[in-house]
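A.B. asks: So you can see what is in the structure, the chains are spelled out below.
Number of protein chains: 2
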Amino acid sequence: MKIVLAATGKTDAAWLREGICMYCERLTHYFPFEIRTVPDVKNARNISEEQQKEKEGEAILKILQPGDYCVLLDEKGGQFTSLQFAAYLEKKTHAVRRLVFIAGGPYGFGEAVYKAAQEKISISNMTFSHQLIRLIFLEQLYRACTIIRREPYHHG
Amino acid sequence: MKIVLAATGKTDAAWLREGICMYCERLTHYFPFEIRTVPDVKNARNISEEQQKEKEGEAILKILQPGDYCVLLDEKGGQFTSLQFAAYLEKKTHAVRRLVFIAGGPYGFGEAVYKAAQEKISISNMTFSHQLIRLIFLEQLYRACTIIRREPYHHG
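Read top to bottom, the protein sequences are chains A and B. Numbering follows the working numbering, in which position 126 of the first sequence is assigned residue number 147; successive positions increment by one, without gaps. Numbering follows the working numbering, in which position 91 of the second sequence is assigned residue number 112; successive positions increment by one, without gaps.
Derived by calculation from the structure, the hints in this document are not laboratory data. Take the hints with a grain of salt, since some may be wrong.
In this list, chains with the same sequence are indistinguishable; a pair is considered to hold if it fits within one copy or across any two.
[What the hints assert, rightly or not] Below, simulated SDA-like cross-link-like pairs (lysine to any residue); rule was C-alpha separation at most 25 Å, straight line:
| id | residue 1 | residue 2 |
| --- | --- | --- |
| 1 | LYS97 | SER143 |
| 2 | LYS97 | GLU79 |
| 3 | LYS97 | ARG171 |
| 4 | LYS113 | PRO60 |
| 5 | LYS97 | HIS176 |
| 6 | LYS97 | ILE142 |
| 7 | LYS141 | GLN100 |
| 8 | LYS31 | PRO173 |
| 9 | LYS136 | HIS176 |
| 10 | LYS141 | GLU96 |
| 11 | LYS112 | TRP36 |
| 12 | LYS76 | MET22 |
| 13 | LYS63 | TYR174 |
Chain A with its partners taken away, still in its complex shape (with noise of 0.2 Å):
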């Protein structure tokens, strides 16, 4: 299985985007994995939210693959422990190809994207930066592999 993240807009502060790549890098060791961000749409100031969130969604929905898994990280989700996560996970790579998170734009996702998800995972009740998200998932998702793997990365 392949795991994909993709999300809005390139990530600004230098020391998220090295933490970021830390945790790409550790995942890479279980998982083929990638991260696809798409450019910020231009002239958002000019635009309502609804209008931004639209086109954000156009251009994240030309990521998917027929056949992909698409989850998004949404507040209205599920919510998981991180073993009940690496159980999740354990469980997609015997039934999907490709499994693609789908991290929102700073004002959440467009109606064509709720549409062509399969699923939504919540990682809190309390709502995060989208650009700090991707770091917190990747450690979500980092972890779920140790846990898998039964490596002491996890303290349950």
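Based on these hints, arrange chain B on the given structure of chain A.
C.D. replies: Only chain B this time, still in chain A's reference frame:
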């Protein structure tokens, strides 16, 4: 009200220290704020997890002053949305002189720290690295400050 984040062990990664510094700096525009870290336990490999938690706890408890309101960042705690957390923080500003949040070490908290705390807050059902949780929590604190001041950072 002064806010303190107490944590065990220095933050290892330079990129993470940089991110934490950024949010610290932002926070000081809203509250007197300070991070207090206690040293990692020496020879941690030669003692049990319980002993390590106990020693970490002793050091953490020395940070506390009489009258502090002490809140553990603990997975057994109650969960808030970001808006609820902002309301919680605002309420505390009228009632508390020093609000101390404590982030645990790699194995969580010892019994003495649980006893010293007034409250427990959980960020997520998922477990995050005890180093990363500092960054994640600071972003929530900052977000709460912007919500209280009705500044345009949080898109609810």
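A.B. asks: With reference to the structure, classify each hint as holding or not holding.
C.D. replies: Tested hints:
no.: 1; hint: LYS97 to SER143; verdict: both (6 Å within a copy, 18 Å between copies)
no.: 2; hint: LYS97 to GLU79; verdict: within (21 Å within a copy, 40 Å between copies)
no.: 3; hint: LYS97 to ARG171; verdict: between (30 Å within a copy, 24 Å between copies)
no.: 4; hint: LYS113 to PRO60; verdict: neither (29 Å within a copy, 41 Å between copies)
no.: 5; hint: LYS97 to HIS176; verdict: between (28 Å within a copy, 15 Å between copies)
no.: 6; hint: LYS97 to ILE142; verdict: both (8 Å within a copy, 21 Å between copies)
no.: 7; hint: LYS141 to GLN100; verdict: both (9 Å within a copy, 19 Å between copies)
no.: 8; hint: LYS31 to PRO173; verdict: between (32 Å within a copy, 21 Å between copies)
no.: 9; hint: LYS136 to HIS176; verdict: between (37 Å within a copy, 22 Å between copies)
no.: 10; hint: LYS141 to GLU96; verdict: both (8 Å within a copy, 22 Å between copies)
no.: 11; hint: LYS112 to TRP36; verdict: neither (33 Å within a copy, 33 Å between copies)
no.: 12; hint: LYS76 to MET22; verdict: neither (29 Å within a copy, 43 Å between copies)
no.: 13; hint: LYS63 to TYR174; verdict: between (41 Å within a copy, 20 Å between copies)
Of the hints listed earlier, those the structure fails to meet are numbers 4, 11 and 12, in rising order.
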